[in-house]
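Asker: Read off the chains here:
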Amino acid sequence: MAVKTVIEAIREGMDEEMARDQSVFIMGEDVGQRGGVFLATDGLFKKYGADRVIDTPLAESTIVGLAIGAAANGMRPIAEIQFADFIAPAMNQIIEEAARICYRTNGDLNLPIVIRAPWGGGVHGALYHSQSIEALFAHVPGLKVVAPGTPADAKGLLKSAVRDPDPVLYLEHKRTYRLIKGEVPDGDRLVPIGKAEVKRQGKDLSLIAYGLMLHYCLEAADTLAAEGVEAEVLDLRTIKPLDVAAVIATTRKTGKVLVVHEDNPFAGVAAEVMAVIMEQAFDALDAPVMRLTGPDVPAMPFNHVLEAAFMPSPEKILAKARELAKY
Amino acid sequence: MAVKTVIEAIREGMDEEMARDQSVFIMGEDVGQRGGVFLATDGLFKKYGADRVIDTPLAESTIVGLAIGAAANGMRPIAEIQFADFIAPAMNQIIEEAARICYRTNGDLNLPIVIRAPWGGGVHGALYHSQSIEALFAHVPGLKVVAPGTPADAKGLLKSAVRDPDPVLYLEHKRTYRLIKGEVPDGDRLVPIGKAEVKRQGKDLSLIAYGLMLHYCLEAADTLAAEGVEAEVLDLRTIKPLDVAAVIATTRKTGKVLVVHEDNPFAGVAAEVMAVIMEQAFDALDAPVMRLTGPDVPAMPFNHVLEAAFMPSPEKILAKARELAKY
Amino acid sequence: MATKTAEVEARGGQSRHRALGLSDERALAIYEVMRLARAVDERMWLINRQGRAPFVISCQGQEGAQVGSAMALKPGYDWVAPYYRDAGVVLALGMTARDQMLSFFAKREDPSSAGRQMPGHFGSQRLHILTGGSPVATQLLHAAGIALASRIRKEDAVTIAYFGEGASSEGDCHEAMNFAGIHKLGVIFVCENNGYAISVPQSQQMAILNVADRAAGYGFPGVVVDGNDVLAVYQATRDAVTRARTGEGPTLIEAKTYRFTAHSSDDDDRRYRQAEEVAVWRQKDPIPRYQRYLREAGVLTEPVEAAITERVTAQVDDATEYAEQAPDPSADDLLPHVFARELG
Amino acid sequence: MATKTAEVEARGGQSRHRALGLSDERALAIYEVMRLARAVDERMWLINRQGRAPFVISCQGQEGAQVGSAMALKPGYDWVAPYYRDAGVVLALGMTARDQMLSFFAKREDPSSAGRQMPGHFGSQRLHILTGGSPVATQLLHAAGIALASRIRKEDAVTIAYFGEGASSEGDCHEAMNFAGIHKLGVIFVCENNGYAISVPQSQQMAILNVADRAAGYGFPGVVVDGNDVLAVYQATRDAVTRARTGEGPTLIEAKTYRFTAHSSDDDDRRYRQAEEVAVWRQKDPIPRYQRYLREAGVLTEPVEAAITERVTAQVDDATEYAEQAPDPSADDLLPHVFARELG
Ligand SMILES: Cc1ncc(C[n+]2csc(CCOP(=O)(O)OP(=O)(O)O)c2C)c(N)n1
Ligand SMILES: Cc1ncc(C[n+]2csc(CCOP(=O)(O)OP(=O)(O)O)c2C)c(N)n1
Ligand SMILES: [Mg+2]
Ligand SMILES: [Mg+2]
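Residue numbers (this note's numbering), protein chains in the order written: chain H, 9 to 335; chain C, 9 to 335; chain F, 16 to 359; chain V, 16 to 359.
Please keep in mind that the hints were generated in silico from the structure rather than gathered at the bench. Only true hints are included.
Subject to a maximum C-alpha distance of 30 Å in a straight line, what follows is the list of computed BS3-like cross-link-like pairs (lysine-lysine):
1) H:328 x C:261
2) C:324 x F:122
3) F:169 x H:55
4) C:55 x V:199
5) H:55 x F:199
6) H:54 x F:169
7) C:55 x C:167
8) V:169 x C:167
9) H:211 x H:328
10) H:167 x F:169
11) F:199 x H:54
12) V:199 x C:54
13) H:207 x H:324
14) V:169 x C:55
15) H:189 x H:211
16) C:261 x C:207
17) H:207 x H:334
18) V:122 x H:324
19) C:261 x H:334
20) H:334 x H:261
21) C:203 x C:261
22) C:54 x V:169
23) H:55 x H:167
24) H:261 x C:334
25) H:261 x C:328
Start from the sequences, fold in the hints, and give me the full structure.
Answerer: Structure follows, in structure tokens:
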């Protein structure tokens, strides 16, 4: 067991999977020689060669469209979208093709594809290098969407995603890449897709989050504890399929839930969590489920004042959690 | 006042707006000579000429991308996407450009664009001619999304959309085109974007819907009335911006709400309605808000048995409403 | 090569197929697939007009382009990514009339989709026919991806992507050709140019006369071929297959052709094209044209023709009867197969 | 025309600008904009390296292509849809050093976005500079749409869309050129080919040597021009503007050039290109090259040069000071302008 950053964990996960399985290969913009703009694939081009680490032209529909064809012909592509913000040119290939192919062939063809996309804000990335895209894709049946927050989960979910028989959108939060360090178990350890994890036990209220917001919630929970409020922190890890059982369990345990994400609220992941709780644990609620999200504006501005105003923060979480605790 | 079909109302709305304002023009696949595959633009090519009713090549990103440029240069384009199912190639232009331009220019440039898209199922259209796309776009800040259900609303909202200074996704339910007839007020009558309408008063429970489902809810409400249950039917008409006040008002009135749509549930419009009620009318609830939606499968199958199994129907609504009434 | 074809034809055409390395049997097999494709299609319209099935989309008129190209492949080894008109392609590669009719009637046994997709949305992993959705042009990138996989594994399988000239307007068409060109993939792009995208004529789709001219912008050859001359299509494809298999890279083949029917059973083509234009093209029907050639070449005798007709009719009858009576899916079939294995 | 340019240059180049109809003043104005673009850019790197601003993206090396083309337009009448490197374009069309610095420091007064977008995302409806987002190639369709609007209203305004050769791989690039070709729109596509899309060299982006060759596939002329020869760029653009203004349709101009800096302040170009290669291109720097020409032509005398340098430095100093001290937006500025008018 060694301490690693999130990006090291992701790189290691890819490296191990490529070594293990010849059918795994990487495609994307600048993933080769350059090692990716975040260096996620650093060293892999040298190690596995130009056939298995392919610098594509600047074209996202190409990246995903090729991945679909290659998967149909026996490969397990890892497709890198340079920033989540630039995934939209590939939406037709992802939503209308990749997500629907298993269903439309009645299971004759399934597509083991991983689409990696760095997402999230707080990096002075402005409107087009800060976006949260999880709700758009989680809404689409036929896709799995994961968003690990810790190095161990990042590696374990990367490996699970590569071995998964279906298209997995693997979201890596840019801000956590080098900020978040943690123990990563040695060896071939998978983290299952579809399983949330309680990252901190508590009995008074539940904070539900993923990605960078997990860490902000844990920070807020520390402060709350000092104030005598024991917050449980549930890390969704996988957004689709949502671990409904874990959501309901924490709701029944605490009766008070706050869902936190950077993405804007309208028909977002928090709305779905609220809907599921409404449907399955209405009787257990001691307060309405609350959400703390990015605002309903098109994307995160560049200027630091505006960026800070946009981003949920430990302080904002704390304020909302206090409100909930008092309800 | 005359009785018209939904498609006649839409055509008339476009015709009147084009006659009124020289800057309004139409672009899309087969909209010219052919009059559109549903004949929505029938006769307009002859009347307004090839300059104002433009047959584009088969390319949706083209249609929306051109609309953005033309709007920036003083025009009011109506862009037709032949089927909602084929809007994905234009998602980059819609989400990353059209929706973000007013915000990113701090209001220097706003885009009066209407994107019309026939949506919805029940027409033997199979996976790619039956889709519901409202949640994907309603999630995106910077877009307005309307989905009228009656001929009067279809015309009034079309005219409002054309005059609106911002991008409006105008969803027309294919199944209602010729099925639904109704009185359409003569003259220049607008229906405001952002306003829901109670289409039937009731005190026992609320059915919230839009598009074809509005009519199924009204049908179910008739049967419920015969059973002694007075259902209020709220037609959202506009999905974004959601008429939260109307949603909360009906919730406070009846205490019991069922939201109905064809779109799959995960992070859909029903989830948002449930979240909003959770946030603003939790205390008024006599039962958990329920939703009846299409299933979480990639899209609606072709075979008639499967299509019927997929579609919400008056019977399914009735069953769920009875459950709610009894709660 | 084009010159050569023309020459052979000029010499009376009696040995064109042999000059192409096609045995008489093979030449007749091509004819029979074309006949079958046409016969199934005609039957579908009949049934549709009787109200027994909701939707048809046709290959009629394009059988030369389809069968001529597909017959240049190794079935089950090479790959195709067809589009919705390509009944002739999939029949050439191992799908049957029953398969077509099962999909037409949307029955559970439909091998392409178990009744989930509209007719014309072919797919079979076993036959190396890539599943097609309705959005046009996506399959060009899939085909490039299939070819990329073959390249990575150092296999010499060839992939053909089929598409209409309408689909060539989509960004994906550009992207697929660009990538294939860069990596000299073993992929062939076959454009069935029938002059219309539903109602929109070619002149409103592009400012050029030949889609094939675009190939130069991607660094590989573009070939224009008479799509209603099945042997010319075969020849162009065979040459492209050789290039592809030996690592020389892609070819774009544009087969000039025409569709005889409306776009689909939901369309009314009288709104946008003249009856005279259709009549002119009917004179160029690829099936009678090839029939004449085979007769003149002495390959298609009366008894052979009669036997083919009998087999085709029998297959269509059998397929119709079988498929119409085959069971529908049940409501329980709605939910499975969203994913490869359902999550526990 | 290309031959003629070469001839004039061969004759010692002393009257190339006059042969192009450029007065001495205009020739100097071109030079001054290039100098200003370079100077603002250099200052930004300095400030960034001092940690006073988080991000730079550069025009350095591409000023010839940018200023040479933009100066062929009527400012405020014609339109441009620039991309993030096009500081030279927008400075030529009326943006100021202050505007650049306000955006660089993301201040409320930034005319492009009030500090919402990264630097390099220019926009001004007043100046007919279309707002740019980060996704590449979308602006090509916007430019076609702008030109379509001009066409519908029977105005002769010309629109230039700027893009890198990397962006040419996107589907939108194909779609924009295809539509513009069909309708012979008054749009010019200027590709600043600097040989790389971040780290990916041209050879991995396309199988051809000249992006301009693609124009043939869209039915209009493609022109390759030395992007570091500002007068050659001016000439090619002027000719294209004439075509566009008179209804003859689009032109694709490929300006071969190079970027001197890393892709942005977040990039390390030593990972993918050799210092020698950069050095070779630095020899071809468009600014000293044009400077030499103007000196030899007797237009750029010592005192004129000194005056220009003084003005440029003063503007950069003023802009830096002004912008750095200008107020940030406040948290209240986060929510407005999602829509044209907020809903009541
Ligand atoms: C992305 C997309 N947009 C629109 C459609 C609707 N549509 C179906 S076929 C068609 C025309 C196709 O023309 P072409 O590619 O020339 O093929 P053809 O039908 O002529 O064989 C259109 C517009 C579609 N299937 N996909
Ligand atoms: C759709 C999209 N994908 C990816 C990116 C990330 N990105 C920004 S610039 C760039 C390279 C652009 O290369 P080119 O078009 O040649 O312009 P240059 O920077 O060389 O001037 C990339 C990949 C983007 N901005 N947009
Ligand atoms: Mg066609
Ligand atoms: Mg470049």
